[in-house]
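So the sequences go chain by chain: A and B.
Each residue of the first sequence is one higher than the one before, starting from 1 at the first, in my numbering.
Each residue of the second sequence is one higher than the one before, starting from 1 at the first, in my numbering.
Don't take every hint at face value.
Unchecked claim - Derived pair list, reagent style DSS-like, types lysine-lysine, alpha-carbon separation capped at 25 Å:
#, chain 1, residue 1, chain 2, residue 2
1, A, LYS19, A, LYS125
2, A, LYS113, A, LYS126
3, B, LYS148, A, LYS406
4, A, LYS406, B, LYS28
5, A, LYS31, A, LYS282
6, B, LYS148, B, LYS178
Worth flagging that the hints you see were computed from the coordinates, not collected in a lab.
Note that the structure is predicted; figures quoted are calculated from it, not measured.
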Amino acid sequence: MAQDKQHVSREERDKFAQKVSAWLKANIPSKPDFRLPLTFMEIDNRAQFEYLRDWQQQVYEAGYLGMSWPEEYGGGGMPQVYQDIVTREMARLQAPFMINAIGLSWAGPTILKLGTEAQKKRYIKKILSAEEIWCQGFSEPENGSDLGNARTRAVRDGDSYVINGSKIWTSQAEYAAHMILIARTDPAAPNKYAGLSFFLAPMDVPGIDIRRIRKMTGEYGFAQTFFDDARIPADTLVGEEGQGWSVAMAVLAFERGAALGQAGGNIMSVISARDLVQTAGKSRRDGRPALADMRIREQLVQCMIEERCLRLNRQRGRDPRLLTPGREFAPMLMSKLQGSEYMRRMAAFAVSLQGGQAPLYVDDTQALDDGMWQRQHMNSYSATIGGGTSEIQRNIIGERLLGLGKG
Amino acid sequence: MALDELRLEFSDEQAMLAESAREFLRDKCTTEQVREWMGLSTGYHTALWQEMAQLGWMGIALPEEHGGSGLSAGALVTVVETMGRYLLASPFLATTMAAQLLDQAGNNSQREQWLPAIAAGECIATVALAPADGAWLPEHTGVTATRKGKGWRLEGRKSGVLELAFADLVLVSADTDKGPAVFALSREDIPYTAIEREYLVDETRRSYRMDCDGIRLGNDALLAGGDSAAAIRDTHALGWLLVGAELTGVADGVFSLMLEYLKTRTQFGKTIGSYQALKHPTVDIMGQIENSRGLMQQAATVFDGANGESEVAARMLKAYAGDTAAFATDRAVQFHGAFGFTWECDVQLYFRRATWARHVFGDALHHRARLAELLLGEHNGES
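Make a model of the complete structure from these sequences and hints.
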């Protein structure tokens, strides 16, 4: 993880990219006869789950996942640049995404950074191989983005903690072996943050009930998880009791775009402005191609410009001189907000440009691209709401980065 | 979204230029100074211009054999962005564009005649590209040049010619029977009556209309060193890049001003920046400024005139940075409340500069329409 790309020559990188690309072309599984989800938050049924789990396993066994993670825990021990190349090639060749997203991008990096030796040995390899799926237990029904007010209780009892409460918006809860769980260990702590602890909770213990939640798209993918005297081992605690808030902040830093340390692999299908242009090419409005309409063309160009901005801001982080003095963290902090809002607007536009065909949904034989954009439009809100809503993001950035007063 | 990598580089020279421009202009180009220089007939301060020349700014992108530093045109953006940030009005933009045009289209003796003087800050130069109606298309020159004996005779009118009334060198684009050409005019070639000042929204800038009717030139006025049509297009592209950089700086400058006000002005017992109705758009403005800077850095990296990837990047910058400056200055007026509505508040200076810069060398609509042709293919009319 520590080595950066300067140590790997351009020639070596190009050679590796060719090798990866050849492997992917030979091994990307053929499209199944059922609809695939667009993100890890949309696993609707077991057939989808197994298809994607098998694919991640295959990628890991070929040595293309967790390449920068330490070898002793199942990683590849190589410079990050190799994994970045794999991730890029996967996106380019539209490979199915890595299903164990929470494990790869949140739980794994957190365990590697803050976990004990025993925890690293216990969990890391099975995250990479998809043998054990992870889910996230942060949000609660009463406290969406307000993690500091989590009410789920964890009470120490001998070698265990006893958990009571409920978590919501848990993706893949019914497939997960473990949950990264924030729970309150000390309700009497002087401030609400000091009372929280962070656990790597097993999901197969008695007292855990999972209720699926149906989304506005009609699909499943989320669940509410209920804990009723669920007893988890005490050695699943990360850090010390009461350090849950700072551990969670480290996790959210991974979630909000600090890509360093993530296992890599694409965790979502990649939709780009190029797809949007193709859709415009196939759509007709009042008998004419949408692509001939000046207003549509102008908006397509605007999308292409905004997409380029997102890509550039990601690249700018590699050379500190490209960052704005006094707000060096801006591109990183903005990436979740801008990326999710862009995807939402792009999907809305992609639906509307379809003219009279726009109302057709996924099961209609005439629906453009099998209703992909209609589905994507509704699903896009998961990113503008999940992981801290766009509004909360703006508060955080305005207050912490720009120094504006708290509301 | 993460597809191929975009070319994005930044040299040590650019970093040094950015640093020195920031320090120099922060101290020398306060808004009090800007307001004072605004009242001068030429709109700029000659002593400051000399200091800028001593810093080597006029020669940044000129060849070393003509007294320059030999850097790429892309290296100019960090300096121009900073000029926008501090609202500097000077003949830098016009002189730089003229120097690049001369370097590209002129022959050796023409280059030798003018470039060392430009690099030394001893020659104010400008370009007369736009026709009377202000059209942005490079092929619209608005002036024709016909052979007259051993020389040339010009016909037609130009607009938006910066610094014309006091320029030592004016490069005029014109159509000839052999296609577009560029002529180098000295001060004595232009009758006093041919110059009419344009009164701009941005009162810090000096811009003029030029009546070319009857201007007679010797044959040596014709730039004869290269493909003039390409050079004219590339000069427009340099305008997209540099004014795009200036707009990025203008947006960032007004943003700093606004941020300070949001943190100090209180209403109903709280700083106004603590209200989400003001806080949220402020974050969005900051995001757009960062986006503009990314586009600017990339356009600078790939800049090679009005060709291929360079044209796309420069047009994207001009379009996006223009919209960003419009958004930032618009909200800055509103968020300053009644004070923002006054002459005394510096926001008006940024607002006016942005209005000027957004509408020279093509506005956002113009560039998005051209980008649509470049990126989506021609699709005009019925199909």
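Hint check results:
| no. | hint | verdict |
| --- | --- | --- |
| 1 | LYS19(A) <-> LYS125(A) | holds (24 Å) |
| 2 | LYS113(A) <-> LYS126(A) | holds (17 Å) |
| 3 | LYS148(B) <-> LYS406(A) | violated (73 Å) |
| 4 | LYS406(A) <-> LYS28(B) | violated (35 Å) |
| 5 | LYS31(A) <-> LYS282(A) | holds (22 Å) |
| 6 | LYS148(B) <-> LYS178(B) | holds (15 Å) |
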